[in-house]
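When you get a sec, could you build the whole thing from the sequences and use the hints?
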Amino acid sequence: MPELFNAADWLVDRHVRGGNGGRTAVVTPSRTLTYEELSGEVRRVAAGLRALGVRPEERVLFCMADDVELFAGILAAFRIGAVAVPASTMLTGGELGRLVADCRTRVVLGSEEFAPVVRAAVQEAPEVEHLLLGDDWRRLLDAGPDEEPYPTWPDSPALWLYTSGTTGTPKAAMHRHAAIRFVARTYGRQVLGIGPDDRCLSVAKLFFAYGLGNSMFFPLAVGATALLEPARPSPALFAKRAAADRATVLFGVPGFLGALLASLDIPDDAFATVRVGVSAGEALPARIYRGMLERFGVEVLDGIGSTELLHIFMSNRQGRVHPGSSGEPVPGYAVELRDVDGSVVEGEATPGELHVRGESAATGYWCRAETSRQVFLGDWVRTGDTYVRNADGTYTCMGRTNDLLKAGGIWVSPAEVEERLLAHPDVAEVAVVGARDADGLDRPVACVVPRPGHEVDPEALVAWCREGLAAFKRPRAVIGLPELPRTPTGKIRRNVLRGMVRDDSEGEP
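At position 264 of the sequence shown the residue is numbered 264 (this note's numbering), and the sequence of numbers has no breaks.
Rather than coming from a laboratory, the hints here were simulated on the basis of the structure. Heads up, a few of these hints could be off.
What the hints assert, rightly or not - Here are the simulated distance ranges between beta carbons: (1) Val344 - Glu370: 41 to 49 Å; (2) Glu57 - Pro331: 25 to 33 Å; (3) Ala471 - Arg31: 55 to 63 Å.
Unchecked claim - Below, in silico cross-link-like pairs of lysine to aspartate or glutamate (EDC-like), each with a Cα-Cα straight-line distance of 16 Å or less: (4) Lys240 - Asp265; (5) Lys240 - Asp268; (6) Lys240 - Asp269; (7) Lys491 - Glu282.
Idealized CB from N, CA, C, for every residue including glycine.
Structure follows, in structure tokens:
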């Protein structure tokens, strides 16, 4: 028989048994729990889930704010051998309902603030037998503490995370208990160096793979502290939380960090206790990296991860950041660049589709056999991202494989054009997509969000690109937008932008 391993026991009870139950585990705006108190909360919720009839390997779906209840609920599902399914709180009732039905859950838990959406979702899923909202949480705590964790194995299912849906209907990536330990020991410990005295604050919520690692797996793995924020993230709020709760690790995304730099009323010493910053989700522009370092003194390590790999598998390192790149593979992972025929691309500066191998890979997508076969290739995971290898061994993202443009018969990376535009003082955010002209040829179009107090000047921005890029890479049109459309996980919806610019008939500036 395999060894026994339960992620909840490893993340929480291990510290209590080791005499560290008095250390602070979780801090929220309203509550602070030690590891011993968190263990008690998890055990009571676990007993409550058992009382509802939840069996090992059954799914329990959560649509909840980042607070103690969601934190303990996910851990309780792990503890009893069930599968935690944290769902985005940004979905509509119909969107959430499709996930509830897809995962075949019988138990749904939601925060009171999301009750209308959750109730609407359950209407789409007749298999749901128990819906717990708001004060119903107390019912879970009345069953008494759960005695022993279910004897799960390293390969037992622990967690389903739905992809963001940038390429179609969201799919549930299925993860094992052992994958949780793996990402904590590789990226969390060996790259970030997270230790017991760290206090982790994440912009990404617990329903993201990124946020779940940031706020749960990494701090709990070493007996550190998770700083949870239930409210929607804003620069002012997170500056206040970072200062008040002495955050030492700040996890962000490029859009949020850009907004942070644009917020001139935030004191430059707001993040004085932060020893390292992290960015993922999309490539971090070099301008934002330099801005965070110069203004706040925070070195931000850009990296790339995915729902399929559970967390970041390639990252920059402290003291040797290559701005504009995703860094180098995290210990425990291997990467390859492959061409359209599947052959490994050799040499530098030659684009190829990124493939990754590591023990945190999902076992596949739930009930998506054909798609699983296209993405999970033996030990390798096909990411769908195009990368090039740099001379120093780091890797730079050229965009999604299907986002590359051919302008004038030459391949153009949207990421390269976006990086140039982001260096302009008028530009806050930008996405470059392809629009077919009357001849059926692609023309790069830049969709630009201006900085506060600035305006989009198409001719000036095209001239800016012409000065810093080869002529064929310049955008043929520039469109100003108040904001970029994004998925619930914050990724730019380029398919929406392509639809917006498809009928544009302004011609070349």
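Comparing the hints with the structure gives:
The beta-carbon spacing between Val344 and Glu370, approximately 25 Å, falls outside the hinted interval of 41 to 49 Å. For Glu57 paired with Pro331, a C-beta distance near 31 Å keeps the hint of 25 to 33 Å intact. At about 58 Å, the CB distance of Ala471 to Arg31 agrees with the hint of 55 to 63 Å. Annotation: proposed proximity of Lys240 to Asp265 holds, straight-line Cα distance about 12 Å (limit 16 Å).
A distance of roughly 12 Å separates the Cα atoms of Lys240 and Asp268; the hinted pair therefore holds under the 16 Å criterion. For the hint pairing Lys240 with Asp269, the CA-to-CA distance comes to about 11 Å; that is within 16 Å, so the pair holds. With a CA separation close to 7 Å, the supplied pair Lys491 and Glu282 stays within the 16 Å bound.
Hint compliance for this structure: hint 1 is the single one not met.
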